[in-house]
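J.: Here's the letter readout for the chains.
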Amino acid sequence: MTDLEYINNFFSTNPTPDERKAFERRVSEEPSFAGEVAFFLQTMHTAKERQVTERKNQFKALYGQQPEQKKITPVRKMLWYALAAAAMLAGVMFGYAIFSKPAPAKQLAKLYIKENLNELSITMGSNQDSLQTGLDLYNHGKLTEAAQLFEGLLKTDSSNVNAEKYAGIVYLRLQHYDKALTSFRKLSIIPNLYANPGKFYQAVTLMERNGPGDVETAKQLLQQVIAQSLKGSDKAKEWLKKL
Amino acid sequence: MERPFFGSTDGDLIASLLQDDLVARKAENTFFRRYDYFIKEGIKKYRISEDEAFDAYSDTILVVVENIRKGSFEGRSSLKTYTFQVFQNKCVDLIRKKTTNKNSVHQTGIISDFMLEFSDATKSILQRLIEKADWDLLKEKLNSLGDKCREMLMFFASGHSDKELAHALGYKTADVVKTSRLRCLEKLRQEYKNEIRS
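Residue numbers (my numbering), protein chains in the order written: chain A, 1 to 243; chain B, 1001 to 1198.
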């Protein structure tokens, strides 16, 4: 075994106290070995820094920035300032029009669904493959097929919490509000369920449906979500200020 | 019975971050986008530039992801609260660095990450050697390694196991990954030492 392999193994595993002592003895008694250890550590640090830099550049692309800014000529700069001023004025007028009165419940629900429920990822639990298949269908926009799959899972096992949740979300997306409310109501009464979203999703469904009395019922549910610190309590607090 | 995780909650995101590389990478991007409004808040609160706030936020995401993978995030607060706390600390550190002009990050970072269990004597020996290193040369030699070698070292240095690397990079087994990685390390060592001697 070479020194590098020995050093690699030492830092990759949990050495015993005796192994640690032997390692440290070599560091203090063998300068060339100490040099190899220092090189290994420097390499790991440099490689990690490089990984971090690459990842940050990928984040920059996500955030919409480029690593190097283009230089803008003075004339183009003035044009940008003029456009920015016009955009600000339009924004102020738009904001006044929208925010001077309470935001409609339906708009809040639509935005929430667009930002949080347009795409779903796999969760841990039983029947992982079937759930993943259902989620793949959902994420590809095949909502009816996804609903059928989750309904099938619930026929096999009516206590499948994740299938119930996803079924409710699919019904919501399909605007089958009664079915969505039934699924979310069943979720909400399951005892000791971690981060139970049932009541919050019921509220979202009612706000999206926006039928007579729906918004009032949704407000009550949002208050319960806050009081019981359920999933969605941050959003519930934000929405109750606007409804 | 395992606790179930749901749609857009912390639990779901955390579960995705713990999956294999492709799913985890997508989850990291989702995580980044979810709270990227912190950047604007950091600019306002700490009066730092957008680039600085972006750096602090990117570092925050990477640190929180690492803590989730190591099991240090215990879920006592929400992911949002935890991430924001880390972000605030990063912004404060940035301001401190600017005011005190401290640039010697490399050496401190290495000491704290890898040598926690060593005696002070061992730490001193290694720190003296590390301080003498030519960091720019090492970076240059790492950059000029082949893509696969460099990728392997980068992923390993970021805490991924040989098994995860085998899956992510398309190798047959973890042992093959280990052998390849050691070969890359040896190659890098030779190139670095040859340049130092000349």
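None of these hints come from the bench; they were simulated from the model. A virtual CB, placed ideally from N, CA and C, is assigned to each residue, including glycine. Heads up, some of the hints might be wrong.
If we take Cβ atoms under 8 Å as the criterion, some of the chain B residues that face chain A in the derived model are [what the hints assert, rightly or not]: (1) Val1092; (2) Arg1096; (3) Ile1125; (4) Met1154; (5) Leu1182.
J.: Now tell me if each hint is right for this structure.
T.: Cross-check of the supplied hints:
no.	hint	verdict
1	Val1092	violated, 20 Å
2	Arg1096	violated, 20 Å
3	Ile1125	holds, 5 Å
4	Met1154	holds, 4 Å
5	Leu1182	holds, 6 Å
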